[in-house]
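Trainee: Residue numbers (our numbering), protein chains in the order written: chain S, 1 to 349; chain P, 1001 to 1077.
Worth flagging that the hints you see were computed from the coordinates, not collected in a lab.
It is possible that some hints are incorrect.
Claimed, not checked - To give an idea of the chain S side of the interface with chain P (calculated C-beta under 7 angstroms), a few residues: (1) Pro134; (2) His180; (3) Ala245; (4) Gln246.
We treat Cβ as the ideally placed atom computed from N, Cα and C, and that holds for glycine.
Read off the chains here:
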Amino acid sequence: MKNLSKKIVERIENIARPVKIMHVCGSHEHTVMQHGIRSLIPKEVEVVAGPGCPVCCVPSIEVDECLYLARNGVTIATFGDMLRVPGTTGTLADAKAEGADVRIVYGVNNAVEIAKKIDKEIVFMAAGFETTAPTTASEIVAGPPENLSFISCHRLIPPALRFLIESGEVNLNALIEPGHVSTIIGTKPYHEFSEKYGIPQVVAGFNPFDILIAIYMILKQLDDGKAVVQNEYKRAVREEGNIKAQKLMDEVFYIKDKEWRGFPEIPDSTYELRDEFSSANARERFDIQVEQGEKVPTGCICGPILRGVSRPEECALFKTQCNPMNPIGACMVSKEGTCNIAYRYGSAF
Amino acid sequence: MCIAAPAQIIEINDNVAVVDFGGVRQSAKLDLVEDVEVGRYVLVHSGYAIEVLSDQEAKESLEAWEELLKTLDEEEN
Ligand code: SF4
Ligand code: SF4
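Construct the entire structure; sequences and hints are all you get.
Mentor: Written as structure tokens, this is what we have:
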């Protein structure tokens, strides 16, 4: 074990150079922090976390939509982490404490099961990147119970990458692409970033060896003057991805510009239900009244953290007022949030 | 949130399988995969199989990483 990581680290040391490598995956950040990867490799090889958690990335307005429904007698079903993500008028956990019917589910199939058992309206708050979006699509195509509708908060990774690269704010030189998003979308959507911007990319798995090898592969590309997309996670990612899942997503969703938490509107970055499925779209079924506008808790720097320009340690509230028991910003809520992970595994600096 | 883990299919009833994660059994829907049968490994995410794995691929092995490293080394020459 030790031997293998030593071997990889040696190779990294041999060709290390100043470089900023971004990953966009909460599970990657988890591996990086848990195994102290930043301290194993030379300082000039910087690994930064981008918008890696689809819970953290849901903006206030989408939480507000669900809060409006929950407070008006509609049952909300969603993933556990979503309950504590702040909207402008509280969280779904607050609504639940006030008496609203908010249910935690492990997958959209659980929401279907609940809908069959109750006779009131129930809305599934569908969060998640491309990994999760096909599960929602499959239930919509299968024909959900009449009383079940959906609020799509599904987001796409490649448009966020494009936005980050083009904004130039982070100055990233290379990307580690998320393993399970890539299981669905394959490796093709990443090619434009290598071709157009000369960015080396490696799709990586979630074991510390996967991450170390990915870092080595990126450095090796830079050393050889190459910029291509390589797949380190062949055991779960095919070049073409999961075509059946892609077809289902395409059948159910169209792609729409929308804001993310910490970002302005990102072009072509979210999935919304097509008109054919408008009867299953909660945004069509209900007259949801919410006000536009993001209210960031005072002092919280989740925005720059999600964009990869700041680290949690730079936030004055980190560990003092803001902790996993009492999260102030979205990045502290989910176990894959950068602040939450930094809190649990300590600083890497 | 899109954590996914490999599991072996133990039983299939229509589009739902019982899968085994090294001792822990759960159900997984099969709507997103093709060509599955009892005994095969799948990658499971939030109650759905999202990819079929080869038996070899399902096991994370040190040899596989060693192998990859070797291939990378050979590229150099
Ligand atoms: S949802 Fe996917 S991309 Fe996001 S943290 Fe989880 S594994 Fe990574
Ligand atoms: S530590 Fe808390 S308040 Fe500060 S950026 Fe992170 S989530 Fe926001």
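Trainee: Next, verify each hint and record whether it holds.
Mentor: Results for each hint:
Interface restraint check for S/Pro134: the shortest CB-CB distance to chain P comes to about 5 angstroms, inside 7 angstroms, so the restraint holds. Interface restraint check for S/His180: the shortest CB-CB distance to chain P comes to about 5 angstroms, inside 7 angstroms, so the restraint holds. Interface restraint check for S/Ala245: the shortest CB-CB distance to chain P comes to about 5 angstroms, inside 7 angstroms, so the restraint holds. At about 10 angstroms, the closest approach between the beta carbon of S/Gln246 and any beta carbon in chain P exceeds 7 angstroms, and the interface hint on this residue is violated.
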